[in-house]
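> Residue strings, one per chain:
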Amino acid sequence: MAGRDSIAPATASTGVPLLDVRGVTMRYRTPEGALTALADISLTVARGEFVALVGPSGCGKSTLLAILAGLEQPSEGTVALAGDPQARRLGRAGYMPQRDLLLPWRTALGNAIAGLEVKGVARGEAQQRARALFADFGLAGFERSYPPLLSGGMRQRVAFARTVLAGDDLLLLDEPFGALDALTRASLQRWLLDIWGRLSKTCLLVTHDVDEALLLADRVYLLSARPGHVRLERRVPLERPRTREMLARADLLALKAELLAALDEQQERSLAGGRI
Amino acid sequence: MKTPLTRASPRPPDYGRPPDAPTDEHGSAAVPAARVLPVAALLRRGIILLGPPLALLAALLLLWQWYASQPDIDAQFLPTPLAVWSAFIAQRDLLWHHTLVTLNETLVGFFWALVAGIACGVAIDFSPWMRRALYPLLVTSQTIPIITLAPLLVYWFGFGLTSKAIVVTLVCFFAIVVALADGLRAADPELLKLYRSFGAGRLRIFWSVRLPGALPQLFTGIRIAITYSVVGAIFGEYVGASEGLGFYMQLKLHSFATASVIAAILVTAALSIALFLLTALIERLALPWYYLHGRQAGA
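Going down the list, the protein sequences come from chains A and B.
Reminder that position 60 of the first sequence reads as 182 in our numbering, one-by-one numbering, no gaps.
Reminder that position 157 of the second sequence reads as 921 in our numbering, one-by-one numbering, no gaps.
Keep in mind the hints are simulated off the structure, nothing from the lab.
Do not take every clue at face value.
Stated by the list, open to error - Some chain B residues near chain A, calculated using beta-carbon distances under 8 Å:
hint	residue
1	Gln829
2	Ala839
3	Leu955
4	Ala964
To be verified - Now the in silico label distances, taken between C-beta atoms and shown as ranges:
hint	chain 1	residue 1	chain 2	residue 2	range
5	B	Pro900	A	Glu154	45 to 55 Å
6	B	Arg966	A	Leu393	35 to 45 Å
7	A	Tyr150	B	Leu1042	46 to 56 Å
8	A	Glu390	B	Pro900	44 to 54 Å
9	B	Ala897	A	Ala257	26 to 36 Å
10	A	Ser322	B	Ala883	26 to 36 Å
11	B	Leu818	A	Gly242	53 to 63 Å
12	B	Thr912	A	Gly242	53 to 63 Å
13	A	Arg210	B	Leu864	12 to 22 Å
14	B	Pro900	A	Arg144	41 to 51 Å
15	B	Ala897	A	Glu154	26 to 36 Å
This one's a predicted model, so the numbers in the text were calculated from it and none came from an experiment.
Cβ coordinates follow ideal geometry from the N, Cα and C atoms, glycine included.
Work the whole structure out from these sequences, hints included.
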């Protein structure tokens, strides 16, 4: 199951970006007064591109993802899906939170088709599509297992299958590997890298792990401490298929150092701000 | 904002995985398919579970037999266990008849408690206004002792089935409403968010996430309710009836047939236990997923 093919650099494709975020600002009213979580965020994700969003804790990464998924509306700014800022975003993107959130009363396959079911896809067809993914996700033979009997890594892959099936093209991943132990996380990163080319999806990944971002993404946005705004944007100069060893290249090490320094600086600010 | 029904709601079971689970190619462990406890293992567990209480019970019965057979103890005042057994055998047809009457009242009353309880539980969950309106009334209703209400119910609805069934409904209803409403509230907000991101509406989320998730708690309420239910029916019969175990006990007590009274008490207990076990069985069949790892932190 080695990475067979690499996808073309997505930004090279013509036309409007799949996701176009312009000037998104998010303010909350709290008992202590107004709180600005996101300040004037603009970013784009081209069709087929893998973009990572890195930022210090509490910078509003998850809020941004919730807005992009359509779960929340920004106080200001627009989010355009495939060029349409008016588009209803709920049900369009595959949204994956950190916890696997599998329903314990459903089998692995039953969980994977949850999103399709909501969209009204016939059960038989949904199961067929899920089965096809299960084979590729190393879940074959576990279709009828209940989540409590699956390991953390397998549960996360079931959740990922559900996300892939639920989203039309766009996947919004909110620290999907954050709750896993280091070994499982590394193996899942390798796995995602491996299947990514075959999925032909577009992905926005939120993470606080710079290595993860560099390994997986075509482009990295670094967000500032709260109120979050785009602090840096860098292209990852790596061809696909990728391996973890490539991260040891000099240009990658320099990029990693730059990102880490910026992240550290923002994390300091975030701590100094006293509210995380 | 909403106020919780009770201070704490049972946490969902802790789903761990067995430490000896095999490992797949991604370095993570897994168990292939849902396991079912074999009958032999269930039987062995039954013996381990039932052995000690049965031994204690036997000892108590022996003590009772010894004490009640002392020459200065009046057999009518305190019959021996063997006398109770004889009374049970002698009266078994009559007892069976009264048991069926009581069982019928219990089941009818419980059925309506279930219907009303589920309806109210869902209503409370769907509308904050209903929660505010119903909740204080429900709690207040529980402060009224059924003992004061039963004679009125008999007066209003007669000596037959209806008055007993209503007593049972009143006794069972509260536990079911509270359990369901709490269970529905306990739904994981993150899970609701995930389903909203799929584009799911309120009704879909209710059927797919909230209701299935609330079932374990609903069953806890049902198990509590069913243990009260028989007592409720007996109670109604005590106040005014022409048949049923409560009626039988009162009749026998008035003629100082103590052994028969005790026999009827034991039948009542057996009936309650049977109904409880039946509910537990239904729960196991309805919620196989809930028992995959035993209920480590549940109810």
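> Check the structure against each numbered hint from earlier and tell me which ones fail, lowest number first.
Hints 1, 2, 5, 9, 10 and 13 are the ones this structure does not satisfy, whereas the remaining hints hold.
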